[in-house]
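Undergrad: As given, the protein sequences belong to chains A and B, one line each in that order. Each residue of the first sequence is one higher than the one before, counting from 10 in this note's numbering. Each residue of the second sequence is one higher than the one before, counting from 10 in this note's numbering.
It is worth saying that the hints were derived from the structure and are not from the lab. A few of these clues could be false.
One copy or any two copies: either way a pair holds, since identical chains are not told apart in the list.
Said to hold, decoys possible - Capping the alpha-carbon separation at 20 Å, the derived lysine to any residue pairs in SDA-like fashion look like this:
hint, residue 1, residue 2
1, Lys203, Ala251
2, Lys203, Gly216
3, Lys225, Ser204
4, Lys322, Ala286
5, Lys203, Asp77
There are 2 protein chains.
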Amino acid sequence: MKISLEATAEMLLCKDNIAILVHTHPDGDTLGSGYTLCHALRSIGKNACVIGEDEIPDRYKFMKEDGDEESFDPEFVVAVDIATVKLMGDCVGERFGDRVDLCIDHHVTNSMYAKSVLLDDTASAASEIIFRLVPMLGAKISKEMAEALYIGVSTDTGCFRYSNVTPTTLRIAADLMELGADCARINREIFETKSRSFAELERMALGSTELFFDGKFALITVTQQMFKESGSNEDEFDKIAALPRQIEGVLVGAAMREQKNGTFKVSVRTNPPLNAAEICTLMNGGGHPAAAGCTLTGTKEENKETLLKTIAKFL
Amino acid sequence: MKISLEATAEMLLCKDNIAILVHTHPDGDTLGSGYTLCHALRSIGKNACVIGEDEIPDRYKFMKEDGDEESFDPEFVVAVDIATVKLMGDCVGERFGDRVDLCIDHHVTNSMYAKSVLLDDTASAASEIIFRLVPMLGAKISKEMAEALYIGVSTDTGCFRYSNVTPTTLRIAADLMELGADCARINREIFETKSRSFAELERMALGSTELFFDGKFALITVTQQMFKESGSNEDEFDKIAALPRQIEGVLVGAAMREQKNGTFKVSVRTNPPLNAAEICTLMNGGGHPAAAGCTLTGTKEENKETLLKTIAKFL
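With the rest of the complex left out, here is chain A (with noise of 0.2 Å):
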């Protein structure tokens, strides 16, 4: 059932020992939307943990606090971020999948899985759904709690370039500066620095890059041999992921990466009118009409052919 921010937050307020649950691949939004709702939550006297199944990249590791961790039997499930069970990977699937009390999120898609849900279809981060639920609960936002949703916000905008930023994302972030967020160091080093193994990642993939339909629709393929030669890790391919679409004439733009156990993620990024969404549905995945994904388990070339069967039915 849908419910209100309003009723979001009477509902937390009853409850305690609060699970909170973050997606697989954790991306700033998952982690800056869960952590900070997390911290809130513990600044008034409850018990809450952020629980999911990847590690955290380094460069959001500061989020987290002594305390988070899961030290109490969890009563009550909220999701953030998570648009369907799938995205909670393997074990958190298992556990809590068909117990999420509460779903916050922002995706379009999301499957309703959740006995509640939160959803905000026109937040460009769940993270801006946070902001707004922070105060609410009588919890202040901190200067930490400023900078994980402005990691949020700025990371699922491509640091306010895509087309799901609105006038209220930019006022939010202008109001997480006020409240301390050091953004420019975040954009910099989020946004502006590269490491010596993503700048040969980078190469390597640019170099993968092919065209088909005229220009059209262009792919980057990414191998775990690239990785390994690189020294580049899967936490740095988001980056990759934009690139071909840059390419001057390219409506549509995926990247395949190819993951450990063989299979193959693929971020694709449209511009109008196409709308990836729609695009990543017909392969079983799922998203935003301007970037979406899905995982392909055939070999290189079967997953090329199905991305080009699907593609050609838009294009």
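Got chain A; can you put chain B on it based on the hints?
TA: Chain B alone, transformed into the frame defined by chain A:
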């Protein structure tokens, strides 16, 4: 003499036949603020025109309207986003350098060459100042003006990434979006699109990267030959200027580009605590704390030595 925003509006309301000067190698901010001021003045019944030494880059040509040309004898001269007379270029500087009535600027290095100066060095862009000035003239900010001002603010801040962004910057961007600016399209065209020729230049430029002082200084050099081979041009150089500082560990990044007359224009970008304006001042240039520039007239090797000697003083 420094004057206030209110005094600036009153002054402009008393004048007519107004020439608005923009700087050489015109960027989004000098053009966005110059054309918006011009259109605001014309909308309240005044003669106004924009005068600049160099051609407008294609992507900004939409800002120009019929009637923006000089078709009257200028009686009042306004410089926007021009810190020194030298930045007007030879012809414009010769004609107007000693008779600028009003300068509207945000550069802390402004040489105060104008009779009256509206200087706000807390503004990320001159366009922020024009955004506040236009309503005080009794003019309305149209969708077209909002887009020109958004371009000014976004290009001067690297699309809200740099340290010059303030809460005010973000709120002005939110207001401009509400005034009709299609920010997503502008961001895509300016920040997320690479022409094939630029992609080629970028590859060459990255190949020229040299590291000095234990990786604290990174230098990229782009020659006229590279512009020729890639088919790219100097308008696209701004994006190259940002690259050297992005490498992890770099405190000063410089990009040196050979101009058609054989001199080299140097763009310097720093990470705190280093100050790009201080570095460039020692080489007869200027700019902002994080982004500044200068022109060097030696050979490529001589200029590199000049840069190394100057930057050594700060490391």
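Undergrad: Against this structure, judge whether each hint is valid.
TA: We went through each hint and held it up to the structure:
Taking CA atoms no more than 20 Å apart as the test, Lys203 paired with Ala251 passes in both settings, with 15 Å inside one copy and 12 Å between copies. Taking CA atoms no more than 20 Å apart as the test, Lys203 paired with Gly216 passes in both settings, with 18 Å inside one copy and 15 Å between copies. For the homomeric pair Lys225 and Ser204, the shortest alpha-carbon distance between copies (14 Å) is at most 20 Å, but the shortest distance inside one copy (30 Å) is not. Proximity of Lys322 to Ala286 under the C-alpha cut-off of 20 Å is restricted to the intra-copy arrangement: shortest distance 14 Å within a copy versus 53 Å between copies.
Taking the shortest Cα distances, Lys203 and Asp77 never come within 20 Å of each other, neither inside one copy (30 Å) nor across copies (43 Å).
Of the numbered hints given earlier, the model fails hint 5 alone.
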